[in-house]
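Enquirer: Let chain W serve as the given structure and place chain G with the ligands on it in line with the hints.
Those sequence lines, one after another, are chains W and G.
Residues are numbered in my numbering as their position in the first sequence, beginning at 1, plus a constant of 24.
Residues are numbered in my numbering as their position in the second sequence, beginning at 1, plus a constant of 7.
All the pointers check out, no bait thrown in.
Here are a few chain G residues that sit away from chain W, every Cβ distance over 10 Å (derived from the structure): (1) S64; (2) L79; (3) F81; (4) V242.
Distance condition first, Cα-Cα at most 25 Å in a straight line; then the derived SDA-like pairs of lysine to any residue: (5) G:K180 with W:H113; (6) G:K180 with W:N115; (7) G:K180 with W:G100; (8) G:K180 with W:D152; (9) G:K180 with W:H93; (10) G:K180 with W:S159; (11) W:K227 with W:L207; (12) W:K125 with G:G187; (13) W:K44 with W:D358; (14) W:K125 with G:V175; (15) W:K125 with G:L201; (16) G:K180 with W:V94; (17) G:K180 with W:S186; (18) W:K98 with G:F194; (19) W:K98 with W:A132; (20) W:K44 with W:N251; (21) W:K227 with W:D89; (22) W:K44 with G:R110; (23) W:K208 with W:R71; (24) G:K180 with W:G118; (25) W:K98 with G:E108; (26) G:K180 with W:I134; (27) W:K177 with G:L179; (28) G:K180 with W:R71; (29) W:K98 with G:S176; (30) G:K180 with W:V42; (31) W:K125 with G:R196; (32) W:K299 with W:T340; (33) W:K98 with G:L179; (34) G:K180 with W:S62; (35) W:K177 with G:R184; (36) G:K49 with G:E61; (37) W:K125 with G:N177; (38) W:K98 with G:R110; (39) W:K98 with G:N177.
Simulated from the structure, these hints should not be mistaken for laboratory data.
A virtual CB, placed ideally from N, CA and C, is assigned to each residue, including glycine.
Each chain, letter by letter, is given below.
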Amino acid sequence: MTALSLNSVNKSFGPVEVLKDINIEVEEGEFTVFVGPSGCGKSTLLRLIAGLEDASSGEITIGGDLVNHVPPSKRGIAMVFQSYALYPHLNVRGNMSLALKQEGQSKAVIEERVAEASRMLDLDAYLDRFPSELSGGQRQRVAIGRAIVRQPKLFLFDEPLSNLDAALRMNTRLEIANLHQALKTSMIYVTHDQTEAMTLADKIVVLRDGRVEQVGSPMELYNNPANRFVAGFLGAPAMNFLPAGLLADNGASEIGIRPEDLRLDADGPLTVQVKHVERLGGDTNLIGRLSGPMAEAAQGEAGQITVRLFGQHEITLGQELRLGYAAEKAFYFDSEGGRLKV
Amino acid sequence: MSSARKRPFNTLAMHGALILYTLIALFPVFVILINSFKTRKKIFREPLALPDAESFSLVGYQTVLKQGDFFLYFQNSLIVTVASLALVLLFGAMAAFALSEYRFRGNLLMGLYLALGIMIPIRIGTVAILDLMVSTGLVNTLWALILVYTAQGLPLAVFILSEFMRQVSNDLKDAARIDGLSEYTIFGRIVLPLVRPALATVAVFNMIPIWNDLWFPLILAPAEEVKTLTLGSQVFIGQFVTDWNAVLSALSMAILPVLLLYVIFSRQLIRGLTSGAVK
Ligand SMILES: Nc1ncnc2c1ncn2[C@@H]1O[C@H](COP(=O)(O)OP(=O)(O)O)[C@@H](O)[C@H]1O
Ligand SMILES: [Mg+2]
Chain W
25 MTALSLNSVN KSFGPVEVLK DINIEVEEGE FTVFVGPSGC GKSTLLRLIA
75 GLEDASSGEI TIGGDLVNHV PPSKRGIAMV FQSYALYPHL NVRGNMSLAL
125 KQEGQSKAVI EERVAEASRM LDLDAYLDRF PSELSGGQRQ RVAIGRAIVR
175 QPKLFLFDEP LSNLDAALRM NTRLEIANLH QALKTSMIYV THDQTEAMTL
225 ADKIVVLRDG RVEQVGSPME LYNNPANRFV AGFLGAPAMN FLPAGLLADN
275 GASEIGIRPE DLRLDADGPL TVQVKHVERL GGDTNLIGRL SGPMAEAAQG
325 EAGQITVRLF GQHEITLGQE LRLGYAAEKA FYFDSEGGRL KV
Chain G
8 MSSARKRPFN TLAMHGALIL YTLIALFPVF VILINSFKTR KKIFREPLAL
58 PDAESFSLVG YQTVLKQGDF FLYFQNSLIV TVASLALVLL FGAMAAFALS
108 EYRFRGNLLM GLYLALGIMI PIRIGTVAIL DLMVSTGLVN TLWALILVYT
158 AQGLPLAVFI LSEFMRQVSN DLKDAARIDG LSEYTIFGRI VLPLVRPALA
208 TVAVFNMIPI WNDLWFPLIL APAEEVKTLT LGSQVFIGQF VTDWNAVLSA
258 LSMAILPVLL LYVIFSRQLI RGLTSGAVK
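Bound conformation, chain W alone (with noise of 0.2 Å):
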């Protein structure tokens, strides 16, 4: 069963068209995630579906009822907020507490809920505290509780990582990994960081400018790219992309060669001058700019290749290497940046 579809979704804000067009299908049970560069209207779609925003026409629906005008709260949804937005002055259980007590359920069924969430997030400790006695990462996991204990048909989350620092990051992002698996409930998930979406989603929306650029499984998204953007979108570091010119004569304008799928080769068509060296000890980043023949057709931002090494490798800045590729591992695209299939 569909836990949400989108049908030609719009939205505009006066004259400012934010969503264009938007159709997406959400599986039972799937962990999607939207992502795309920031400003791009992922926080209008998922307002949208929880209904804080009205769209301007299209279908929503939410496990088979049309919801376009049933009330956030009545909608089976639950959000956890960038900001946390916890009710500063209830404390951690009064905060979990307030939509079962709105919903008019029973002590006994609220106690044992927030029991429940607490002892999944490990809160227990904390019930009795105000939000502003919480660190960063506890306030976000008594957002991600008050999401829980509504036990929604839908999570929706909204950037829930990005005001904590990177080792925090990580550790919530497994957390609600792990929340997925046990609770198995469809949730939505928006971030414009791609290593978030890789990590986490069974399936990705990649949006850009209010518009679906791709739909589909991180690997699919990785390995078949359906046009410029999302090839460059994906992956870290991110694609190279190079002048076709002298590389290929089929009629592509640019070549897309991932960092990791360029390899040091004495015979390789192509020169490049290093400019820096990243060492991570595992992998080696190299980055450089064209030199030799093709020197010419790639300046400026054209002309910088990142390379992505494996082991560590004794490279000096101002070294000139030679590098090459597997045939099948370049992607060819046209002037529009549109995907060229060869």
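Expert: Relative to the frame of chain W, chain G with the ligands by itself:
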């Protein structure tokens, strides 16, 4: 603040200045208080002396309590002040919530219109107000005063409160909507508690002018049974003779309730005045 804390000299200078200011500000109140306990002769001969066994006298308080219906005046003032404050806070907060929370046509215009009210003193409209009260039959009722003071207080209240309400996080209100709270509950249970310092600020700024006002009681409600304290005290100030004992005693007693209300609001007030600066 931290740099002042580190340097003892600065701390000293700062506290010196503050103490000096406190003394200057409290001096008139102090003079009124001590003189209200002295005989008339001593008030004029040694106005700054403390009351002693010889000069001590409660004649002022006796006059005040005997003459006129002082407790009734007191009660009237209290009713008018508390009722006006309650209405100003209630309607001010409701209007501020609507202006800060909802997108609707004329929102900006409405805000400007209300802000205009801050700049135009209500007393300019006294004649029209009196006309209105006469034709509605509200002259010589406490309602006349309560309504006028509510109108007088609303513009600033809406202005201050809507500014504070804009700072309440939108996510918080949205989280409450998802949790099933109605707009009224969001207003009452989420937003109002968060702008409590602003409410206290508005209350204190409105309270003192209302309590002290002589103009509107004199014009709209001069009848004996609806006189306010300020108006009632005027009987002791004659054109030719003034009963200073009684005036000073009445003033001393009039300070008390304001002081009490201020103590209630003051902790919130300080937070309200400094929250913008410190955050
Ligand atoms: N209430 C609003 N009124 C007008 N424009 C808005 C409103 N909310 C969002 N927008 C605009 O919609 C676009 C998408 O915003 P948003 O959904 O927050 O992006 P994202 O979450 O992907 O960063 C932005 O250009 C933003 O300026
Ligand atoms: Mg956003």
